[in-house]
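Colleague: Residue strings, one per chain:
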Amino acid sequence: MNRKDNEKPLIVVEGLKKYYPVKGHVIKKNRPVIHAVDGVDLEVYEGETLGIVGESGCGKSTIGRQIVALERPTSGRVLYRGEDISHMEPNRLRKIRTGLQMVFQDSTSSLNPRKQVYDILAAPMLYHGIVKKENLDQEIDRLLNLVGLPKSMKYRYPHEFSGGQRQRIGIARALSVKPRVIVCDEPVSALDVSVQAQILNLLKELQEELKLTYIFIAHGLGAVRYVSNRIAIMYLGRIVEIADTEELFDNPVHPYTKALFDASPMPNPELRGRERIVLKGEIPSALSPPKGCRFHTRCPYAIESCTTDDPMLLPVKPGSSHKAACPVLAPKGGSHV
Amino acid sequence: MFRYILKRILIAIPVLIGITILDYAIMSLAGSPLEMMLGPKTTQAALEAKAIQLGLDKPIYVQYFVWLKNVLKGNLGYSIKSYQPVSQIIREHLGPTILLMGTSLILGLMIAIPLGIYSAVHRYTKRDYALVTASFLGSSIPSFFLSLIFIYLFNVKLGWLPSGGMKTAGGDGGIADLIRHMIMPVLVLAVSIAGSNIRYVRSAVLEILQNEYIRTAKSKGIGRFLTINKHALRNALIPIVTVIGMHIPILFGGAVIIEQIFSWPGLGLITMNAILGRDYPVIMGVALLTAVVVLAANLITDIVYALIDPTIKYR
Amino acid sequence: MEPLLQVEDLTVAFVEDKVETVVVDNASFTVNSGEILCIVGESGCGKSVTALSILGLLSPNARILSGRVLFEGTDLLEMTEKELDGIRGNEITMIFQDVMNSLNPVFTVGNQLTETIRIHMGYDRNRAREYAVELLKKVGLPDAESVMKKYPHMLSGGMQQRVMIAMALACKPKLIIADEPTTALDVTIQLQIMKLLADLQKEFQMSMILITHDLGVVAELADRVIVMYAGHFMEEASVYRLFDKPMHPYTRALLKSVPKIYGDLGEKLESIPGTVPDRYQDIQGCRFFDRCPYRVPFCKEPQVYSSVGPGHFVRCHRAGKGELDYE
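Chains as they are written, first to last, in my numbering: chain A, 1 to 337; chain B, 338 to 652; chain C, 653 to 979.
None of these hints come from the bench; they were simulated from the model.
There may be inaccurate statements among the hints.
No farther apart than 27 angstroms at their CA atoms in a straight line, the calculated lysine-lysine pairs in the DSS-like style are these [to be verified]:
{"id": "1", "chain 1": "A", "residue 1": "Lys204", "chain 2": "C", "residue 2": "Lys912"}
{"id": "2", "chain 1": "C", "residue 1": "Lys952", "chain 2": "C", "residue 2": "Lys897"}
{"id": "3", "chain 1": "C", "residue 1": "Lys801", "chain 2": "A", "residue 2": "Lys280"}
No experiment lies behind these values; they were computed from the predicted model shown.
Bound-form chain A, shown alone (with noise of 0.2 angstroms):
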């Protein structure tokens, strides 16, 4: 996509770190502790989406949390506009808040049972006073459509619409109170292939429509090509690979990016029989990750020194935006200090 050279990312994370404590243990000193995010850094541009991949306990959906400050990162931090959002005073980030706004993977359990879809998309419009009391029929209105949801349904509850109509609700509330930047955690996981390509095409089309950011969280890269400019693979708490979309697709560098491509399904039997990576073994707990390259346990590629060098994201070539995190594969990589 094209950007203004001296153009400044719309969100930049910077050295971010995420650890959640074990409940349960009286002694603090060695509480063990899951690493959810460990060191990661990002820029987002405006009108762009980028897309984070990786499985469980790689930490994408924690970023997302980060990002539109649920939580507070342990340590790190995120930039809005340049504002730093990690440490905002409350009132201060309350106005901010509408900027950042999310869609959930479940939506049967992020959506209120109990309410209507009137009162779920009125309430952050009201309380924001992003429209006036006047104007809340005609906005509901409004949102409802752009979402493609007919308005003789809002004041149904949740459970009377399909999986694929309350994920348009979510983005419907999402979208209330007019956000720039979205981050869609999962949003089409729990869909049907059908609805999925749906939401997917509605999700493109209110990106141009409404010139928003996104930030798409997925654990398939099907949908994540689809729709975002650029893609970083996650791996146990880091980024190991991140690129321009068509480029981590033509040529993914990472062991894991490639063996992540390997397993991804294709629907075509004759790519059967084809050499592909099968990793070995678990994924490794977020309590205590591997020494070295966290990958190393499962790597096919992995030499004696990734026990014990942690490679950094560096470029594949020199001055590609293009980046790994793998001495191996891509030696212009280094390790951290």
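Following the hints, put chains B and C in place on chain A, whose structure we already have.
Modeller: For chains B and C alone, kept in the frame of chain A given last:
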């Protein structure tokens, strides 16, 4: 695990003290025992002298601390009415209460658990509806009403069973005699306990039967008996243990009404009399006992949970 | 050769408050020895219900209204519970979708595994234990001995699924029914499990009915495929033929709506407008009518499941007549 238990016991102490403070405060609101001792000829001087003797002239919170101090020394005080040591009173009446309540509880659960399981397995059949209805009846009939019916039937009309007490006056006692005296009160209590628990067990088992692993068990062809009595039942233990745990305090508290009607010399009886007579030391003694029992029962229940449910870890 | 399993005109309904909702409508299919049949469809189409009916595992409010399920010639639907128990876990076994909840949380893996071995194979405790350990190794669990002593919640999703597979294999069944076995798993673990199933199937020469909504899984494992929609079978073919020349409009639409990770990125992802109709049993004609780009008035007549090639069936008169051209 050990650290967990220790932590629980340490927390229990301030809770206990808090409970006794509340109990003492509420108790004092009911009025002074001195009022109960008023007779037509009581003079003001005699009243005051009595007050000093019993320590009732001091403000309530001082009275409380005096009581607490004594308790910590192991002295529960003396009954205002009978001058007997409270600890002795409790000891003498605890046995009969536990006997009565324990037997009723065991009988009630022996009825409720199998019937609850049966009801759940045969959900929505006539048998199920019949059991649930019976269960409602059992828990809804006022115990005094049922007691009176039983007494009328088995004592007055049929003369089979004694109408009250723990043993026949002037008789030589013995187990058979004891059992004859126990039958009616135990039955009344058991009916009530079974009544409320059949439905509880039923819904606990029903919930378990919805789980995926029951379907897996069935798909393995292990047969219905094993599926229910091994796979489902073992999981049902958890809510059943909850139920038993909740009933333990009742074991000690006794059933006040039943003990009154059947003149059963248990804790319930003397507690009632103590309250009516505003016998502070006895009331507080029983209150303390009850509080300790409830806290202990909770702790024991939690420990048993950790033993039977492998997904719980207390560290 | 006689097919291993023959399902004829199976109709299943759910009853709630005296209202009957038919979810599987006159389904007929066969499974041959050593083959993998995939039934693919979206949620609510009735594929899981079809699978569960075979072993009589439907919930109490389900009724089988008609049909026969012939396993090696005998109708399973006519069997008593006791007779069926002899088949379950033994000749026909099942793997379920919700891995995290499919194993009993209060018993160890060893206990649950040896249970089925002892009942169906009559081994004594020690022999059953040894065999169980071998099975766990076979399904790729490292440290099998220690896994035996673990409780299910101590294992990851992928490991739990392997345990389920071990349980399903234990008595050397002729048929395994797998209901969305990889859906709840991470992508890289999915691949491991799929490869495991493929290898084991070949080694043990078992037949498999694989229920899924993921076309990628179908492409990976199936020999034959049935596409299901709203209680009806819409298309049936060998896997290569289905992906190469899909004939039913629904099949085609489904294939086009999967976001691809290779090939050209179109401007718009082809989605299927609308949603699955409610109470589709009341619809006389084609149930895909409202959403089909090729619909004509005749589609409102009952559609026949007819042959369009060797082993290739379609429930669509237009496709049957070759009126829909390929791209």
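Colleague: Against each hint, give a clear statement of whether it holds in the structure.
Modeller: Outcome of the hint check:
Distance check on the hinted pair: Lys204 of chain A and Lys912 of chain C sit about 16 angstroms apart at the alpha-carbon level, within 27 angstroms; holds. Distance check on the hinted pair: Lys952 of chain C and Lys897 of chain C sit about 25 angstroms apart at the alpha-carbon level, within 27 angstroms; holds. A hinted pair counts as satisfied when its Cα atoms are at most 27 angstroms apart, and Lys801 of chain C with Lys280 of chain A qualifies at roughly 23 angstroms.
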